[in-house]
Amino acid sequence: MNNLRQMNFSWTMYTDDNDDNLLPNAIYANRRNSWVQGWLNYSQSAPDNTNTVYLMQSHLWPSHKSLGIWKCPADKSTSRHGRRELPRVRGFAMNGFLNPPGLQQWQAGYRPMRKLSDADGKQMSEIYVVLVQREDRINNGYFAVDMNGYNPRNPNATRWVDYPAHYHNNAGGVTLADAHAVIKKLGDPRTSVPIRKGVSIPIFVSSPKNADIFLLQHRSAQRKPSRR
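Under our numbering, read the sequence shown as residues 84 to 311, first letter to last.
You may find that some hints are simply not true.
[Stated by the list, open to error] Derived DSSO-like pairs: lysine-lysine, alpha-carbon spacing no greater than 30 Å straight-line:
no., residue 1, residue 2
1, Lys280, Lys159
2, Lys159, Lys268
3, Lys280, Lys205
4, Lys267, Lys307
5, Lys205, Lys307
6, Lys268, Lys292
7, Lys268, Lys280
8, Lys159, Lys267
9, Lys198, Lys267
10, Lys292, Lys307
11, Lys307, Lys198
12, Lys198, Lys268
13, Lys148, Lys159
14, Lys148, Lys307
15, Lys205, Lys267
16, Lys280, Lys267
17, Lys280, Lys292
18, Lys205, Lys268
19, Lys205, Lys292
20, Lys292, Lys267
[Unchecked claim] Restraint-style ranges between C-beta atoms, simulated for each label pair:
no., residue 1, residue 2, range
21, Pro235, Thr135, 42 to 52 Å
22, Lys159, Asn234, 32 to 42 Å
23, Pro156, Lys280, 16 to 26 Å
24, Gly281, Arg194, 37 to 47 Å
25, Lys280, Asn104, 19 to 29 Å
26, Gly281, Ser200, 35 to 45 Å
No wet-lab data here; the hints were simulated from the structure. Quick caveat: nothing in here was measured; it's all calculated off a predicted structure. For glycine and all other residues, C-beta sits at the position ideal for the given N, C-alpha and C.
Construct the entire structure; sequences and hints are all you get.
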């Protein structure tokens, strides 16, 4: 939890120092104007798996300057390079609705937040910022939540894009926009399927009536107001 708290402190400091503007959060791995660059790969020994330069180039680096806070200590994933098995450098991803350059098709109808004041109706405690992502799914620093099935409610349409981690007795760490960090229990066994060493979990996995997806949807974004 301490790593998440430090990450959230740095995120809050950036917002305070930049006139309420949020950190940029691009879905593209090597876009310089993003909170962190790099594309991790679980099934291959990609250079970014162990690349600490991108972490030091992050907008958050000036406020903490620590390579050790970028992942949960329970994330023991490694990457083989030559004869060496090295720890991977990052295990956190950020809410994809927090200041992205644009939205994906499966996010249509919802508003990205550019500033904290864009919450407009949601409490800060209702918006997640950074969470621990499964080692077999994390790639960029952008955590994607498919909003299909949320509003209007259609429980059969829910599906996974990115998965939260479940390293703590079927629970995972998450930070909230009110500066708190919590461990959140996962309720659906489909969310915490076993990790298979070296095998990436698929994308766009249908998971009807999954309460964990609904919770992430609720804590991700506000729906755009209807045009009259």
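Taking the hints in turn, this is what the structure says about them:
The hinted pair formed by Lys280 and Lys159 meets the criterion: a straight-line CA distance of about 11 Å does not exceed 30 Å. For the hint linking Lys159 to Lys268, the alpha-carbon distance of about 20 Å falls within 30 Å, and the restraint holds. With a CA separation close to 39 Å, the supplied pair Lys280 and Lys205 exceeds the 30 Å bound. Simply put, Lys267 and Lys307 have alpha-carbon atoms about 27 Å apart, close enough for the 30 Å limit, and the pair holds.
About 13 Å separates the Cα atoms of Lys205 and Lys307, which keeps this hinted pair within 30 Å; it holds. A C-alpha spacing of about 17 Å is found between Lys268 and Lys292, which places the hinted pair at or below 30 Å, so the restraint holds. Restraint check for Lys268 and Lys280: the C-alpha separation of about 23 Å stays at or below 30 Å, so the hint holds. Restraint check for Lys159 and Lys267: satisfied, since their Cα atoms lie roughly 20 Å apart, inside the 30 Å limit.
For the suggested pair Lys198 and Lys267, the alpha carbons sit about 25 Å apart, so the restraint of at most 30 Å is met. For the hint pairing Lys292 with Lys307, the CA-to-CA distance comes to about 23 Å; that is within 30 Å, so the pair holds. With a CA separation close to 16 Å, the supplied pair Lys307 and Lys198 stays within the 30 Å bound. Proposed proximity of Lys198 and Lys268 is supported: the alpha carbons are some 29 Å apart, at most 30 Å.
The suggested pairing of Lys148 with Lys159 holds, with an alpha-carbon distance near 22 Å, which does not exceed 30 Å. The hinted pair formed by Lys148 and Lys307 fails the criterion: a straight-line CA distance of about 37 Å is larger than 30 Å. A distance of roughly 19 Å separates the Cα atoms of Lys205 and Lys267; the hinted pair therefore holds under the 30 Å criterion. Straight-line distance between C-alpha atoms of Lys280 and Lys267 comes to about 24 Å, which keeps the hinted pair within the 30 Å bound.
A distance of roughly 28 Å separates the Cα atoms of Lys280 and Lys292; the hinted pair therefore holds under the 30 Å criterion. Taking the CA atoms of Lys205 and Lys268, the gap is near 22 Å; set against the 30 Å cutoff, the hint holds. Restraint check for Lys205 and Lys292: the C-alpha separation of about 23 Å stays at or below 30 Å, so the hint holds. With a CA separation close to 19 Å, the supplied pair Lys292 and Lys267 stays within the 30 Å bound.
The hint said 42 to 52 Å for the Cβ distance between Pro235 and Thr135, and at roughly 45 Å that hint holds. Range check, Lys159 to Asn234: Cβ separation about 38 Å, and the 32 to 42 Å hint holds. Between Pro156 and Lys280 the beta carbons are some 19 Å apart, a value that agrees with the proposed interval 16 to 26 Å. Taken as a hint, the range 37 to 47 Å holds for the pair Gly281 and Arg194, whose Cβ atoms sit roughly 38 Å apart.
Roughly 40 Å separates the CB atoms of Lys280 and Asn104, a value that falls outside the hinted 19 to 29 Å. Checked against the given bound of 35 to 45 Å, the beta carbons of Gly281 and Ser200, roughly 44 Å apart, stay inside it.
When held up to the earlier numbered hints, the structure conflicts with 3, 14, 25 and fits the remainder.
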